[in-house]
Structures are given as structure tokens and as C-alpha cells.
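Can you join these two chains into the complex? Each is in its own frame, and there are hints to help.
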Amino acid sequence: MVLSQVKEILNAQVIAGEQFIGCEVCTACGSDLMSDVLAFVKEQGILLTGLVNAQVVRTAEMMDIKVIVFVRGKVPNDEMVRMAIQKEMVLMSTGFPMYIACGKLYNAGLIPGE
Amino acid sequence: MSDVIRLHFDVAGDNLTEAGAAAGSVKKVLHQLGVDPAVIRRVAVAMYEGEINMVIHADGGTADVEITPEYIKVVLTDSGPGIKDIDLAMTAGYSTATKRVREMGFGAGMGLPNMRSYSDEMNITSEVGVGTTVEILIYTGKDRSPVNMAAEA
Ligand SMILES: Nc1ncnc2c1ncn2[C@@H]1O[C@H](COP(=O)(O)OP(=O)(O)OP(=O)(O)O)[C@@H](O)[C@H]1O
Ligand SMILES: [Mg+2]
Chain A
6 MVLSQVKEIL NAQVIAGEQF IGCEVCTACG SDLMSDVLAF VKEQGILLTG LVNAQVVRTA
66 EMMDIKVIVF VRGKVPNDEM VRMAIQKEMV LMSTGFPMYI ACGKLYNAGL IPGE
Chain B
332 MSDVIRLHFD VAGDNLTEAG AAAGSVKKVL HQLGVDPAVI RRVAVAMYEG EINMVIHADG
392 GTADVEITPE YIKVVLTDSG PGIKDIDLAM TAGYSTATKR VREMGFGAGM GLPNMRSYSD
452 EMNITSEVGV GTTVEILIYT GKDRSPVNMA AEA
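Chains as they are written, first to last, in our numbering: chain A, 6 to 119; chain B, 332 to 484.
Since the hints were made in silico from the structure, they are not lab data. Beta carbons are placed, not taken as given, at the ideal position from N, Cα and C, and that holds for glycine. Certain hints may be false.
[Unchecked claim] Dumping the calculated BS3-like pairs for lysine-lysine here, alpha-carbon to alpha-carbon at most 30 Å:
id: 1; chain 1: A; residue 1: 92; chain 2: B; residue 2: 404
id: 2; chain 1: B; residue 1: 359; chain 2: A; residue 2: 92
id: 3; chain 1: B; residue 1: 430; chain 2: B; residue 2: 415
id: 4; chain 1: A; residue 1: 47; chain 2: B; residue 2: 404
id: 5; chain 1: B; residue 1: 359; chain 2: B; residue 2: 404
id: 6; chain 1: A; residue 1: 47; chain 2: B; residue 2: 359
id: 7; chain 1: A; residue 1: 79; chain 2: B; residue 2: 430
id: 8; chain 1: A; residue 1: 47; chain 2: B; residue 2: 430
[To be verified] Label pairs and their computed distance ranges (CB to CB):
id: 9; chain 1: A; residue 1: 119; chain 2: B; residue 2: 429; range: 22 to 32 Å
id: 10; chain 1: B; residue 1: 456; chain 2: A; residue 2: 45; range: 23 to 33 Å
id: 11; chain 1: B; residue 1: 418; chain 2: A; residue 2: 10; range: 42 to 52 Å
[What the hints assert, rightly or not] A partial selection of chain B residues facing chain A, derived with a Cβ cut-off under 10 Å:
id: 12; residue: 355
id: 13; residue: 371
id: 14; residue: 378
id: 15; residue: 380
id: 16; residue: 383
id: 17; residue: 437
id: 18; residue: 438
id: 19; residue: 439
id: 20; residue: 441
id: 21; residue: 448
With the rest of the complex left out, here is chain B (with noise of 0.2 Å):
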């Protein structure tokens, strides 16, 4: 129990100048804690993400992590319009993304297919006009899920 970590963060919405501040703050602890950079990275970017999507898509959020030697989970919650198909918000190049947006060189519709691709595993759970809720498991190293493992040989 005690070498679980948890650490909460309030991300505000609509500022695109703070947002990453959380994934970063996460990577700064796991890289005292002697994490492999390797996984570091694919939690920060899959944690940034989820960041960016609730400051562009949803006014803000929550986020929790749970550091654990095994694995490291992110739980992005927010109160936003929610999506109505998960599937196609999953598709890779689908964006509802503002001008705005895309001028500071996002809305190519590729953070969920990325933060997929950087998860071992990845659960959507969303309600129009109540929420969206996003959760990322990522195994610190030797226990890497064998659907991952298969993947990259």
C-alpha cells in the first residue's frame, strides 16, 4: 500500500497557455522515482492528450494518477458536452476542433488513436451533456501486457 502514489490536478479550460502543465508535473515525479524514460514518455504524452482535450473540448477537468511499481493509471474526468460516438471521435483524423484550435497546431484528430497507441490499455466512458471520462493504464516494464508485447514484435 504505502508505494502507491496518487496525485490530483484541476485542469482549467480554456487556456491553452497552462495546459500540459499536469503530464508535465506527472513526468517530473515519475523521473524521480527512476521510471524507464521510455514509459515516461508514453504516459506524458498520453496524459498531455487527455490534458489538451479537456482544455479544447470540454472547459477543463480533472485529473488523477495512480503511481504504483507495476503500472501507472490516469483517470481524466470532466463535465463537458460528452461524445456521442466514441467510435468515430476514435478514428484517427476525425475533429471537432475549432479554427482557433488547429492554429496552434492541433485538431488533426489524432490525440484518442495516440493515446490509445501509447495505453496498454484505454477506457472511454461518456454521456452527452454530462461528461466524458477517460481512463489510461500503462505497465511500468516487466509486466507489459502481452496484447502490447505482441504489437511491437
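Looking at chain A on its own, in the form it has when it is part of the complex (with noise of 0.2 Å):
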């Protein structure tokens, strides 16, 4: 799935990396909790979370995690959207749940990465 249908599925607004939203992703996960991102993903597409601090973005760094779609309206502060730019990732939030924006993207087909 290209970045830009993940963009209209969650009626997303892109907060960084626009120039790559026609890279491809073929996996997802939706997690609040860093340490199991870091435990059992395998597969490098979307990470789908609630959380917003730094630490996400360094979490996706290590895992190379190249897309992070904040839920909820959640928003990524400035910190982490210089972090993102600097390593080329992408940044969108989605005004839907957690819930809702995996449901979603599972139902387009988006496989899921652990």
C-alpha cells in the first residue's frame, strides 16, 4: 500500500517526511508500549501509537520504523518532528482511535508486523 492511500484511509494530516508519501509499506502495528515494539516486531512498515514523546521516534529509529501515525488527534511536538526529518521518516496523526485507524488499515489489507 502507497503512503498516500494510508493517508486517506485515516484522513491523516502529514506533520513530516511529505516527500516520501509515495513509498510503499506492506506491514503495521499499533502499540503504546515501546518495549514490546522494540521485543516483537519483525517486519519494518507503520507504527501505530497514542504516545507522543521522543522516545517513539528514537523506538522506530533503532526498529527502522520509517512511518509513525500518531491516533486520536495526537499531535508529535517539535523535538520529534526535527528528530523525524533529520533521520527521514514519516510523521501523520489521525483524528481516529487507535481501535478505528488499525481496524482500518487491517480491512485495506496492511499485514500485521510481528
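Next up, the structure:
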């Protein structure tokens, strides 16, 4: 699935990395627990999370996850945006809560990254 | 000798914004050296978990990294409170993390078990009131330890 479709499905706002919107992703995972992401995620797709702090971006960096979607209207702070730009990541924000955002992407064919 | 790279980092305590910066730098260096991305990820995650632990449990410390064509070794040293029962600390789910740390998405008691599973060899030495040293060894490819290859099979 192309990121522009993810954006459309989630009615999301792209906060960083707009230039990568044509990139392809195959998998996604949803978690507010960075420990779990570090322990269990195998495929590097999208991370959906309701957590907003710099360690979300760091966790994604370590796992080679290039796309983070913040759910329930959460928006990353300036520091996170700065880090994401530097690491060539895409940050999006959707108004949907976690369960619905994940459900929509799952329905559209994104497979779990675990 | 000439193909050994040594890197040293000071990891500040109580700075959860900067935590992970050292692992990020190492990741970049390994990438430039053309190391297999899967190996890089294992090093990055293991080192990151160790860095976070020093920040949240031990008021910071140092990280020393040795990169050779055969292996990558990371030594994390702190002068924090130490770990009384290492076996207990290694148990998945055991955590003494504060509420604040948990709210940041950590403190699931997954870090040390995770570091072990991502590394080929791991060694912890700790003394209460003195500090903790965690050593992680990851082979770069062809020389994967037999133990790990068996675990993957
Ligand atoms: N460097 C350290 N100094 C002192 N205690 C430590 C150190 N590292 C780990 N510990 C102790 O071991 C426990 C388990 O560590 P581990 O990394 O597995 O989990 P955690 O850090 O609590 O949570 P998580 O890693 O999932 O975010 C910690 O809660 C802490 O009590
Ligand atoms: Mg930990």
C-alpha cells in the first residue's frame, strides 16, 4: 500500500516527510508500549501509537520503522518533528482512535508486522 | 588492529529526550561501514535498551563500542544503585520502573530479556550501591555463534 492511501484511509495530516508519500508499506503494528515494539515487531512498516514523546521516534529509528501514525488526534512536538526529518521518517496524525485506525488499515490489506 | 573502531559515549541520566542518541550514532556508523541491516538492528535495539536502562534506573553512565569485522561489542557501565538479583531482573515482566517511565512507554520489564535475545552473548555484573556493567556481543554475520544459529533454526 502506498503511503498516500494510508493518509487517505485515515484522513490523516502529514506532519513530516511529505516527500516520501509515494513510498510503499506492507505491514503495520499498533502499540503504546515501546518495550513491546522493541521486543516483538519483525517487519518494518508503520507504527501506530497514542504515545507522544521523543522515545517513540527513537524506538522507530532503532527498528528501522519509517512511518509513525499518531492516533486520536495526537500531534508530535517540535523536537520529535525535528528528529523525524533528520531521520527521514514520515509522521502522520489521524483523528481516529487506535482500534479504528488499525481496523481500517487491516481491512485495506496491511498485514501485522509481528 | 587497524580495522578495529572504538567509540565512547557519555549517557546523561534523567534525560529521556536524549536517551538513545548513542545507539543512533552507532547505527549510523555501522550503516556507513556496510554492515548487514539485520545485524545493525540487533545492535541498535540492544544498545538502546541498555541506554534507556542507564537513564531510567541508574542516573546515566557510559557506553563503549568496539567494532571489528567479526563482531560488535557494547559495554554499558553505570555507577547507579546496582541490581540485587540479576536472575529476577532478567525475568520478562519484572520491572521497578516508576509511573513516569511507564507513561513514556517503557517499564514493561522487557529490556534485559530483549537485549539477551538480540545479542549472541550477554554478560551482566552488578554490585548494589556500586553500579552495573552490561556487556553485549553480536557477531556480524559469517561467525554467528552456534548457540544462536540453533535458536534460529
Ligand atoms: N542499569 C541498571 N541499574 C540498576 N537497575 C537496573 C539496571 N538495568 C535494569 N535494572 C533493573 O532490572 C529491571 C529489569 O530491567 P528491564 O530493562 O528488563 O526492564 P525495565 O527497564 O524495567 O522495563 P523495559 O526495559 O521494558 O522498559 C529494572 O526494572 C531495574 O529494576
Ligand atoms: Mg529496560
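key: Hint check against the structure, violated hint numbers in rising order   = none
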